[in-house]
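**Student:** Work out the full structure: start from the sequences and follow the hints.
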Amino acid sequence: MPGKIVLCRCEDVTLSDIEHSVSRGYRDIEEVKRYTGFGTGPCQGKECLAVVALQLAQITKQNPSAIPPFTSRPPLAPTPLKLLAKDPGAHRFPDDLGDDEGEA
Amino acid sequence: MRGEAVEVRIAGSAVRAYGDESLAAATLASGGRILSRSLKYHRPRTFFCFEGHCSGCLVRIGGVPNLRACQAPCSAGAEVEGQNAFPSAEIDLLGAVDFLFSRGMDHHTLMTGSSVLNKLANKVVRQLSGLGKLPDVAAAELPDVHRFDVDVCVIGGGPAGLAAATTTSRGGRSTVLVDDQLRPGGSLRADPRQGRQLAETRWGEAVQAGVTVLARSTAIGFFPEDDGGVLAVSAPDRLYRIYARQWIWATGGYVVNLPFPDNDRPGVLAARAVGRLLVDHGILAGDKICIVEDKGLESDVVALADALSGAGADVTRIPLADVSGTRGRGWTTAVDTKRGKLDCDLVAVAAIPAPASEGPRQQGCTVVLDEAAGGFRVVTNELGQTSATNVWACGDVTGYRGAAASAADGARVAQNLLEARR
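Sequences listed follow chains Y and X, in order. The first sequence runs 1 to 104 under our numbering. The second sequence runs 1001 to 1422 under our numbering.
Each statement offered as a hint is correct.
Pulled a few chain Y residues facing chain X out of the computed Cβ check, cut under 8 Å:
(1) L15
(2) C43
(3) L76
Hints are computed from structural coordinates only; laboratory data are not their basis. Note that CB positions come from ideal geometry on N, CA and C, so glycine has one too.
**Tutor:** Right, dumping it as C-alpha cells:
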C-alpha cells in the first residue's frame, strides 16, 4: 500500500480525496473545498490552495487560468478574538454601517 | 548570532534558548521533534515552513492553545506543550485511525448505513476532532485599537516590501510597513546569497528613511465598506486600523509541499525553512539532507545545497519525479527513489512558493492561476498597478522571482507610484 499524498495537512486531505471528489461530480474549486474540507483549517489554504488548484487543472484537463481561487475571507491569519473586543467596528453588523460610531 | 541566552521549558524540560530565535527554532535545536497530531488521521505533525503560514507547529504556550511556535519569541520562562494527541504527541494511540483508513476516509458516507451507528460515530468523532483545549485563564487585559492615516501602506517586509517602503518614504510620502514575522527581512533571511546581515541593513534603512515599521503585525483583512477601506492588522498586544491613500502588496509567496507519498512525514521541511534555520539562526537542521526539487528552481537549490554542504551536511538532490515515498517511525529516516532507498535525517522540499495573494483579492485585485508563478499571482500592468484603484503589487506575490529580483521590483514599483498622478 503506497503512502498517502497529503495536499492539505491542516485537514488531512489527500490527492486521492481530490480525485474522488471529481469522480463524484464535484469539480469546481468551491465544490471540492466543501466536499473535502481542503483549505478550511488553521492555515486557510496558504499551503494547499495553489497546490490543489494546479492538481485540479490536471485532473479535469482544464487550463489553469480557467480556475479561480476560492473566496478569501478575514481573518487572513489565526487571530485571538480578544484583539477585536475593543474595536467599535467589530461590534457592528452590515445593517448598522450607516450609523454613527466613535473611534477608539 | 542567536541573541541573549534564556531558559524556556519545552514539553516539561528546561531548555537553553536564545532571545532572537523562535520557540520553534529552539525546540528543533534542542531535539524536539513531534508537536501535535493531525485532525483526521492523527498523523504526526511538526514544523514545516518556519514562517508562520502552515499549521505544523501549533502548540500550547503558557496555557494558550493553537499558537504558532515559529512566531513566538524565546522569552525567559516561556512554556511550550504539544497538543491534540493522547497521551502525547510522540505516542498517540489515535494514530490507529491512519492504519484503519489507509485507503482514505469519506466522512460523507462514513457509517451512514444505520442511524444508530451514525449517531454513535458522530459522538466519537466530536470527541476526537477539534484543535487544542481552551486556555487555562481568560485574557486579563483587552488589547487597544490604534489608528494610522498614511499616504502609503506597504504589506510585507521582505526584500520587495522593504525596498518599496524605503523608496516611497524617501519620496516624501508618509509610509507604514506591516510585517508578520518576528523580525522583518522575509526571504532575505533564508537565502544564503542574501543573509541575516542584509535583512538587518535593509530594515535599518527603511527606519532611517522614516518608514513606520510594524513587526509581528499581520494584515488580517481589508474592509472596503469602512470609510473608504480599512486594513485591519493584528499585533500581539494591539489591533491597528490602517487608512492609506495608496497600497502596495509585497506579501511574497508561501512555501508549499510537493506531491509525493508520505510527503507530510515529520522531517520533511520546506527548503526555505532549512535555509532560514541556517542563514538566520545558525542551525544546521540535519546531517544527511535530501533536497527534493521541482523544476525551475535550479539556482536557488544550488545556493542552498552549497551552503548546507559548507556547514558540514551531506547533501543529495533528487528530482520530484524520482521520489516514490519517505520512511521513518515519526521523524524521516529515508527517501525511496527510483534508484533505491536513500538514508537521510532531513528532507528539504524545494517548490515554487505560492503567491500570498488572498489579501490583494480582498481588495479586489485580479489574480490568475499560473503554474510557473507558483499559484494565484496578482495581475499587474507594466507599472505595477493592479486591477484595483490605488493598489499596487511587487515581488513574488506577482509571480516567483526570488529575493534579489524582488528587491529591485519593489523599488521600481514604488518609484512608479511616486511618479503617478495623484
